[in-house]
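*Asks:* Single-letter residue listing:
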Amino acid sequence: MTSRKTEHETPAGPDLSRRGFIKSWGAGAVAVTVGGGYQAQAAEAEEQPLAAEALSRVELDVNGRPHSVLAEPRWSLLHVLREELGLTGCKPGCERGECGACTVLLDDVPHYACQVLAVEAEGRRIETVEGLLDGETLSALQAQFVKEDGLQCGYCTPGQVMAAEGLLRRNPDPSPDEIRSAMSGNLCRCGAYAHIFNAVAAAAKVRKG
Amino acid sequence: MLPAFAYIRPTRLQDVVARLNQGDAQLHAGGTDLLGCLHDGVFTTDMVISLGALESDLNAIRQTEDGGLELGAMARVARIAEDATIRQRYPALAQAAASVASPQLRNQGTLGGNLCQKPRCWYYRGDFACLRKGGFKCFAVNGENQYHCILGGTDCFIVHPSDIAPALVALDAEIKTASPQGGRRIAASDLHMPPSEDPRRETRLKDGEVIVSIRLPGAMANRYSRYRKVRARQAWDFALAGCALNLDLDGDQVRDCRIALAGAAPVPWRAQAAEQALKGQTLTAATIRNTAQAAMADADPMSQNGYKVALFEGLIAEMLEQAAAT
Ligand SMILES: Cc1cc2nc3c(=O)[nH]c(=O)nc-3n(C[C@H](O)[C@H](O)[C@H](O)COP(=O)(O)OP(=O)(O)OC[C@H]3O[C@@H](n4cnc5c(N)ncnc54)[C@H](O)[C@@H]3O)c2cc1C
Ligand code: FES
Ligand code: FES
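Chains A and B are the protein sequences, given in the same order. Under my numbering, the first sequence has 86 at position 86, and the numbering climbs by one with no breaks. Under my numbering, the second sequence has 183 at position 183, and the numbering climbs by one with no breaks.
What the hints contain is simulated information worked out from the structure, not anything from laboratory work. Here the structure is a predicted model, which means the values were calculated and not measured. From the three backbone atoms N, C-alpha and C, an ideal C-beta is built for every residue, glycine too. Don't take every hint at face value.
A few chain B residues facing chain A, derived, Cβ under 8 angstroms [to be verified]:
id: 1; residue: A4
id: 2; residue: I8
id: 3; residue: R9
id: 4; residue: P10
id: 5; residue: H39
id: 6; residue: G52
id: 7; residue: S102
id: 8; residue: L105
id: 9; residue: W236
Cβ pair distances, simulated, as ranges [what the hints assert, rightly or not]:
id: 10; chain 1: B; residue 1: A60; chain 2: A; residue 2: R180; range: 26 to 36 angstroms
id: 11; chain 1: B; residue 1: N21; chain 2: A; residue 2: S68; range: 33 to 43 angstroms
id: 12; chain 1: B; residue 1: Q146; chain 2: A; residue 2: N171; range: 29 to 39 angstroms
Take these sequences, add in the hints, and give me the full structure.
*Replies:* So this is what it looks like as structure tokens:
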């Protein structure tokens, strides 16, 4: 699965340092003036683009671990998580932001991994369903999906779980309406919605102890 | 897999603006519309220019001297929906933002990106060389047009997909830009391009021009303002009909008003005839009916979207009845 990396490692060489160059810049070089113009505080050199179809080094923080991967600018976070890191809990469904199967947390907040470029995810805390496990033990939220039968085929489940995880971190005691609204970006073709809402409500109770 | 493109994340706005002027470069704010368009082959690009490194410079929400608010173009839609000051002073905007797309997309999509998103017409997004994509005709005219426009259509019959834009129009918001020429201010009601002027552009932004922020005037703060959206199902979807209402009320009397519609026209549609019908009137059953009918007086439905006329009349009337009841 990772053979592409070694294949392209050499040709992509020059881009690796550019990546690091951009990263080391940091923000703060910009001052937007109220008139709508702009000024640069320092006459520093402009960044160089990452070339199309070349691999560049991208530093990702996934489930609390640093990962250094080689990726093309066009690769989505979904693609990199599955194909480069083997985290197949993140599911491809529509790949156009309509189904929620690919939901992951970025800095605790649910996002569609298919709509995020991997290069854009640098510096964010990325969490997938695999990251909710404690060793081989399911988290309380995952366990409630099992207990409440919050699935049929299970394809949408990792995305549902991550959307619910984002909700419960932000709002540990959601009302039924808040649960429905927070889960509304995740489709379930099996129609397990009622059980999914029950699982989220039950998990909120368990987590509060 | 998306078609290949180069990528750059400048740390200076001037570099964004300069690069945007070259080739067929595309701006990436949240990326939710851009990646969808690239995925569906609506257009291609040789270079994606990310605003990511400028996020903290461009996402502030701050008070202005005139008692209004200035919202950075990179403020996420979810934040606009949840911000306590916006909810209190400009509820129509908070409600419009809350009705956008799905929770995940609101977490990622930005204010600027929402205003500049591409249309959702299925011919435009699909495999058709339609007028807007450089072809010669609008396929909706003799095709499936149940979600197309009933007002303002000439040559191309899309509806503008944004919920936020009509709220900004109804609140007299102003768009601030940066560009190779230095930047300017544009009334929200002038931002979008009607097809009668150019069916191939959605906004009047020039090449290399970037939205920096949106200003809400202090004079519109704390008015009775609301946004309501009707869609084909209860969870996320684009508006079949949306209405942003802004009333300056003196008891039951409407001193001044703005009514802007989503899902009606190729641009966020200011219902000026309806505003005229309502201004200076008392909110009675008769004025409410007249206002709703005035909003649709010029409607020119297509073969499958006649239902929108009654839908808009009902929506506007219901919103005004609610205003009268408060
Ligand atoms: C499935 C789905 C459902 C949706 N439903 C709704 C809905 O119901 N209502 C609604 O209003 N929207 C809806 N949207 C649109 C969504 O809200 C937009 O995709 C989002 O707001 C765009 O923001 P972004 O920052 O991700 O834009 P991007 O994808 O980054 O940019 C979109 C476009 O705007 C331009 N742009 C971005 N920022 C600027 C700027 N500062 N200055 C100049 N140009 C800029 C880009 O060049 C690009 O062409 C939906 C989208 C999807 C995918
Ligand atoms: S695969 Fe990402 S939303 Fe459907
Ligand atoms: S359980 Fe089958 S799609 Fe949700």
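*Asks:* Need the list of violated hint numbers for this structure, in ascending order.
*Replies:* Those not satisfied: there are none.
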